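Student: Reassemble the complex: the two chains are provided individually, in unrelated frames, and hints are given to aid placement.
Line order of the protein sequences matches chains L and H. Residues in the first sequence are numbered consecutively from 4, following our numbering. Residues in the second sequence are numbered consecutively from 665, following our numbering.
Hint data in this document are derived by calculation from the structure and do not stem from the laboratory. None of these values were measured; they are calculated from a predicted model. Glycine is no exception: its CB is placed at the ideal position from the N, C-alpha and C atoms. Check each hint, because a few of them may be wrong.
Said to hold, decoys possible - Using 16 angstroms as the maximum straight-line C-alpha spacing, the simulated EDC-like pairs for lysine to aspartate or glutamate come out as follows:
id, chain 1, residue 1, chain 2, residue 2
1, L, K194, H, D830
2, H, K800, H, D812
3, L, K151, L, D103
4, L, K135, H, E718
5, L, K47, H, E721
6, L, K135, H, E708
To be verified - DEER-style ranges, computed between Cβ atoms:
id, chain 1, residue 1, chain 2, residue 2, range
7, L, L202, H, G981, 44 to 50 angstroms
8, L, R36, H, Q950, 57 to 63 angstroms
9, H, T789, L, C175, 46 to 52 angstroms
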Amino acid sequence: MLMLDQIVATQEPPRSNESIDWRVITRCQQGDRDALRALFESYKDRVYSIARYSLGGDEQLASDVTQQVFIKLMTRIGQFRGDSEFGTWLYRLVVNTCRDEQRKQRRWVPLADSVFMTATVKQTQTGQYASKELARHVQRALGELKPKLRWPILLRYVEGLSYEEIGKVLGCSKGTVASRLNRGHTALSRKLGHLRDQLGPE
Amino acid sequence: MKLGMFNHVSNFSSAYWHNELAPPQSRRVAEHLNACSRCRAEFETVKLGSRFAEQLELVSAPEFLWPRIAAGLNVNAVPSVRFKFLKPLAIAATLVLLVGGGLFLLLPRRVDPQTGWPVIRLGGTPRIGSQSVSDKSRLGIGQWLETDSGSRAKLDVANIGNVEIDPNTRVRLLQSSDSEQRLELARGRLSARISAPPKLFFVNTPSGVAEDLGCAYTLEVDDAGNSHLRVTLGWVALQLRERESVVPAGAACVTRPGIGPGTPYFEDASETFRSALSQFDFPADQLSQSSALEIVTREARPRDAMTLFYLLTRVNGSERALVYDRMATLVPPPESVTREGMLNLNPQMMERWQGKLGLTWGRKVDKAAKTWKRIWSAALGELKGLQGKR
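Pulled out of the complex, with its shape left as it was, chain H reads as follows (with noise of 0.2 angstroms):
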């Protein structure tokens, strides 16, 4: 790092406030700060950037990490550093899978349904039927894949993603085809990382279906048929019949059998909060009901919003008119936006107030959805067209 005799030395400011510089440099930058107002703004500036950058906390990693990559090692075996002679073969076999491989992605790609997804093992002896998953095996469609209390895997989506299945897990494949992907899970908790079109990939539960919109998410089904659906990436929408609740990222989501859907919540909203808001959409009785909701608007943050935007639509009368008012309370609507409207649930109000609180699914979850299937169509065409003249 040079620093010239009369030029400026913001350029230097990191580094002279880390201790960077060699000393000559270092006594330079320091007197020439006490001579130039400009720079000396400029060098408050990097300080109170770096003082930002200080906030930057050591994050604990997670418990679960090392069995996880214990399980991992089994599957990928260490090599040997010995077998230098197989370098050159090595670099042959990669070449011909690299050209293997191109050609491979360039056909358009249909899972056949004989054959299924592939499955990996990541632990234990997890079962297709009465099957242990082998290196090769797949997951055929109406076949069941099962996790004991030992065991894991990955199943490998159609090439648009994988999901992992945890222990003691039971889920089958229902459909795979262009048009749709379909898992069903009976019991245990699995993990999705789909990068595809929305509405492409499906996970059938005993208390709903969740779609995927574009995203990563876990869910949870227990014995009694409830699930718990957790989204860390995206959206994803949770159905039973007419009942619909599209989850945001950071979000989660419970479903009954027999009555779907609950109402979604962030993760990081109180403990009071999640539980009034459980005894509102599973309720013992009317009464039990209306006091959760009184908790519920009362420890709502501006955050949770997105929580009430959805009890608008699920209560009437002065319930709410209770909701709104706490809602405008805390993220004010829109000056178009009037309580009257949306006491009637105004649809064009409705959707303004929506956009405002960042809830961009329904219409245009619908458009991004309709404009990656064009992409993919247009693409799948291309590949198409490109294997027709070879």
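Bound-form chain L, shown alone (with noise of 0.2 angstroms):
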């Protein structure tokens, strides 16, 4: 029979937010750069994926991206007042940032590489390579959702993000994350069903 066991089986997101202690914050406020470190050091990695997953797997664009995002972090941290999480808060900076880069990056000349997509995947000899391969085409499946469809998508598996988190960060409600998240996992099943079997077991 199926999932009446799923009622309670609970989907915990796949990392979960530090809390930041408010002293750190205030500090920040205050201008001090140790402080900034202490949150570069929390947030670094998740700030990068994020960056680096919305714009195409650019290493050097990600790079620029978080950079910015940190300094402007120092900048502007004084307007947070603590209405709202201050991970939704740094969210949502992460997030108009990234749009405002792939902005630009609109203008530059658009490339195809899908050739040489396919033709690694033929190579895959070990379960590690192949992981790294899956890894690669889902991130390459992502990038061709619209952006509405992906950013939930990302804070959801990259940022472990509730529905009601990603809804304050994109300013929108619950329900429409819940229907945004329902079309893009239905895409990227559709992209991807034909590599379901390197998924491994449930």
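Tutor: Encoded structure:
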């Protein structure tokens, strides 16, 4: 029988937010570089990951955006009053900075290297390599989604946010987040269904 | 999120799977899924998509980020939040800047050769000639910009992009006009991000010229004059006399003084492959070159067909046959491409296979460049017309 047991099966977000000490934020608001360094160390990987995934895997661009985010954080943290979670405020900054960068990138000459992607998969030899290849395919498929479907997936799976938190970051309702995640999951499933054997057991 | 008594529940699949529904809703979805094969199938589709999304792993941020952020904070001093009375003044100033900026943007841009490109200090004490870089420094044509081990700088390239200059680097501005922006990199490393028509931005090095085809890249020159190009976006052409290598994103290429560019390769190729390719491009003797070619063909993956495609044109006789046969195994050629034709470097067949490999430089890039330039010329013409009406 299907799923009655799933009612109680909790699907935890993959990563939970660390609670940030208010004293660190207050020190940041006073211009304390050591406090910013502490925030940087807590959030750098998550900010960098989301930038990299949202910008098509471009490492240099993701580094630039991460750099911009933390510089903006230091210059704007005086505006943070604690009306929302610090993480929500920071991720809004990340999303907006990435969106700005994406707008700039639209002027660039587009490229296609799908032949190489396809060819590389045929070479898959080891489990680890296959796993990396699968992650690259997921990243590629994610890049093909409309931004409004891509962002909820990134915030859910990279940042581990709840639907309500995602809604606050993106400025939409929890129902809209649920609907977009539904469409995003369906699209990923259709694009990548032929690779389901590489997923391993549930 | 509202759930009707008798409705299908597929719209709630993700929320149900992520346990984001209230308990009564969750129970109703579960009961419906047990009874409705259509919703159950859609739920399975969503679950599969979710399992793919779970493959997105956290990526470690590079180590060099914090020093850059610290340097950036030195440039962008943190504003105090106490001066709230300045807010109306700031709004007025912003309006003035917006109007002024709008007028400025409507003017056709041209860098005055006398004033050159703006330079931003990113850290330490970069110097233009004997002068330290200040907030208003510009790099004029013919002037050298030099960084020591503790300094970095950024050049604003005539509104088409920027170039970051790393420590221990020496660059000179050679040309700045509507049709050409050209730097010389004598030593050290720069990172360029250019958003402009291809073939507008160039960097001269002691062992070749890097020609921008709409891209982002890092270029490094060592004390011997060897250069190392890594492309992160778009394409870059490396040239020395008749020898040219067009390098795509994700790939790199090495040049040597007097020889020019080697063969481009993807950076994720095996160490054995890259090492053998280097021996082939810059051999100690003929024998080592031949054995290096064998290793390159043996180690090549399908993705390395790009490298092999270059090698086809750089070897002859039995070596070309060796390269062709390996390529044909890795990425079979289109039906209309024959072995004999490729061994004779038939131009039409070369182009067809090149197209299949996704190596769209050459004719297509030229076409793209012409389209870009036409758009730019039209836009500039319109702007000049607008300026004339004012």
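Student: State for each hint whether it applies.
Tutor: So, going through the hints one by one against the coordinates:
A hinted pair counts as satisfied when its Cα atoms are at most 16 angstroms apart, and L:K194 with H:D830 does not qualify at roughly 41 angstroms. Between H:K800 and H:D812, the direct Cα distance comes to roughly 20 angstroms. Violation of the 16 angstroms bound is thereby established for this hinted pair. Annotation: proposed proximity of L:K151 to L:D103 holds, straight-line Cα distance about 15 angstroms (limit 16 angstroms). Between L:K135 and H:E718 the alpha-carbon distance is near 13 angstroms, which keeps this suggested pair within the 16 angstroms criterion.
The straight-line distance between the Cα atoms of L:K47 and H:E721 is roughly 14 angstroms, inside the 16 angstroms bound, and the hint therefore holds. Proximity of L:K135 to H:E708 is assessed by CA-CA distance (about 24 angstroms); at most 16 angstroms being required, the pair is judged violated. Hint check: L:L202 to H:G981, Cβ distance near 48 angstroms, so the stated range 44 to 50 angstroms holds. The hinted window of 57 to 63 angstroms between L:R36 and H:Q950 holds, with their beta carbons roughly 59 angstroms apart.
For the pair H:T789 and L:C175, the beta carbons lie near 48 angstroms from each other, so the given range of 46 to 52 angstroms is met.
This entry does not satisfy hints 1, 2 and 6, going by the numbered hints stated previously.
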